[in-house]
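Residue strings, one per chain:
Number of protein chains: 2
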Amino acid sequence: MSSNPTANPTAAMLVIGDEILSGRTRDANMYHLAQALTGRGIVLKEARVVSDEHGAIVEAVNTLRAAYDHVFTSGGIGPTHDDITADAVADAFGVPIDVRDDARAILAHRYAVAGTELTEVRLRMARIPDGAVLIENPVSGAPGFSLENVHVMAGVPNIFESMLASLLPTLTGGAPLLSQSLRVMRGEGEIAGLLRELAGEFDDLSFGSYPFQRDGAFGTNLVIRGTDAGRLDAAMVKLAAAVGEGAA
Amino acid sequence: MSSNPTANPTAAMLVIGDEILSGRTRDANMYHLAQALTGRGIVLKEARVVSDEHGAIVEAVNTLRAAYDHVFTSGGIGPTHDDITADAVADAFGVPIDVRDDARAILAHRYAVAGTELTEVRLRMARIPDGAVLIENPVSGAPGFSLENVHVMAGVPNIFESMLASLLPTLTGGAPLLSQSLRVMRGEGEIAGLLRELAGEFDDLSFGSYPFQRDGAFGTNLVIRGTDAGRLDAAMVKLAAAVGEGAA
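Just so you know, the sequences run in chain order A and B. Here the numbering used here is used: position 126 in the first sequence is 126, and no number is missing along the way. Just so we're on the same page, the numbering used here is the position in the second sequence counted from 1, plus 248.
Fair warning: there could be bad hints in the mix.
SDA-like cross-link-like pairs, simulated, lysine to any residue; straight-line CA separation at most 25 Å [said to hold, decoys possible]:
{"id": "1", "chain 1": "B", "residue 1": "Lys486", "chain 2": "A", "residue 2": "Thr119"}
{"id": "2", "chain 1": "A", "residue 1": "Lys238", "chain 2": "A", "residue 2": "Ser179"}
{"id": "3", "chain 1": "A", "residue 1": "Lys238", "chain 2": "B", "residue 2": "His329"}
Hints in this document: simulated from the structure, not taken from any laboratory.
All chains, please: the whole structure from these sequences, using the hints.
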């Protein structure tokens with residue numbers, strides 16, 4: 001894909017958790033976030049997965065928050081000793097962190113309803129860095145938070161998704177990122193020259209080709225992306241005509 | 249998970265492709281690589297996804313190859329204009345890149361058998377940086393390559409997997425990373441204190457807890473990892489006994 005400079009806000013994702021890197025768990029949040037951001041006109045430019053190590057999290061948070069408009073993190077905000085994301089984010093910003101009354105109240109209410117004790121280890125989930133805004137967690141109560149442009153959410157997929165649904169409407173999006181695709185039963189190599197020419201002519205759009213194999217035959221999904229629907233149409237008309245003319 | 253310093257080789261993964269970041273495609277190679285490396289005793293410490301931009305690839309390759317024993321890349325080595333990984337890796341190392349005879353011969357043979365023309369755009373797939381060692385691609389011919397500690401492979405999952413299968417036996421692994429897991433129908437909050445104590449006592453092992461919800465009930469998968477089977481057993485016996493004693 002050729003790069004496509006737009007005025008859309010940019011973002012990075014930071015997935016935190018040894019379970020992803022060890023292959024125990026297959027990450028699902030990156031795929032969900034990528035689709036949700038694209039729909040909102042926010043361009044996901046980079047994603048990183050780091051282990052549950054304080055220094056690794058701090059470094060990644062500071063690198064990414066300086067480089068992009070938004071950073072979305074996933075994982076490491078539960079009650080156990082390896083849940084160190086909130087403290088690492090506080091350190092990255094150089095702000096204090098402690099159990100905060102509003103977060104404690106949310107947990108207290110949730111556990112009271114469930115008839116469960118709000119123990120000291122559970123109270124870890126109410127540790128919120130100074131200056132952060134809570135992100136609602138309708139699934140299990142314990143909130144995430146936004147500190148400036150860093151949005152800290154849970155790793156369990158249905159909780160991550162519910163937090164993101166709470167958060168996204170509060171963020172400023174950009175012009176929707178549109179795409180059109182064309183599936184052709186020809187190898188990438190037959191289409192590469194054509195695609196390069198189109199990418200040169202339509203330099204405000206981006207052109208991608210994604211090869212696949214099915215029943216021993218090679219095919220390619222061609223995808224054009226951009227924010228101007230008219231330009232997308234014009235490019236797709238040319239692409240379809242050219243692929244059609246050249247088809248065997 | 250507490251960090252677990254071992255003598256095992258370390259690795260990073262670099263996924264290259266706008267299609268992952270836009271949410272069009274769900275990455276599958278990270279999960280596959282993570283499992284394969286764990287089986288081989290190589291510790292995946294970090295993963296990054298970057299877009300098809302020359303500068304982004306160069307920077308990530310140089311950062312990761314300096315920090316880890318191995319870097320595995322996925323994507324961007326096909327014939328189209330957005331397949332820029334080989335050139336970016338050559339630039340990262342400051343070495344020339346051109347069509348190389350051994351890679352050209354592989355493609356020429358493959359296309360001759362298929363009765364297809366080896367066009368100029370297809371020849372892009374024979375561009376190999378000076379000093380690189382080819383990685384066999386039994387699926388579709390076009391090879392990957394290793395340049396020092398950077399291993400460049402295709403993004404299409406079945407091709408990535410076949411290349412990795414060619415490559416992995418040539419790399420020096422470490423002591424196998426073992427794990428034992430215990431599934432309990434209790435929330436993480438009930439187990440957090442116990443896990444923290446065990447992590448302190450067995451500081452050569454790492455302890456992970458992965459919450460889940462099923463039919464409205466909270467459960468947790470507890471995982472102990474390490475390279476010493478005896479220590480793993482000892483820790484699991486203590487964990488199981490403690491969880492059993494405390495069970496409601």
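Evaluated hints:
1. B:Lys486 with A:Thr119: holds (22 Å)
2. A:Lys238 with A:Ser179: This hinted pair holds, its Cα atoms lying about 15 Å apart.
3. A:Lys238 with B:His329: holds (18 Å)
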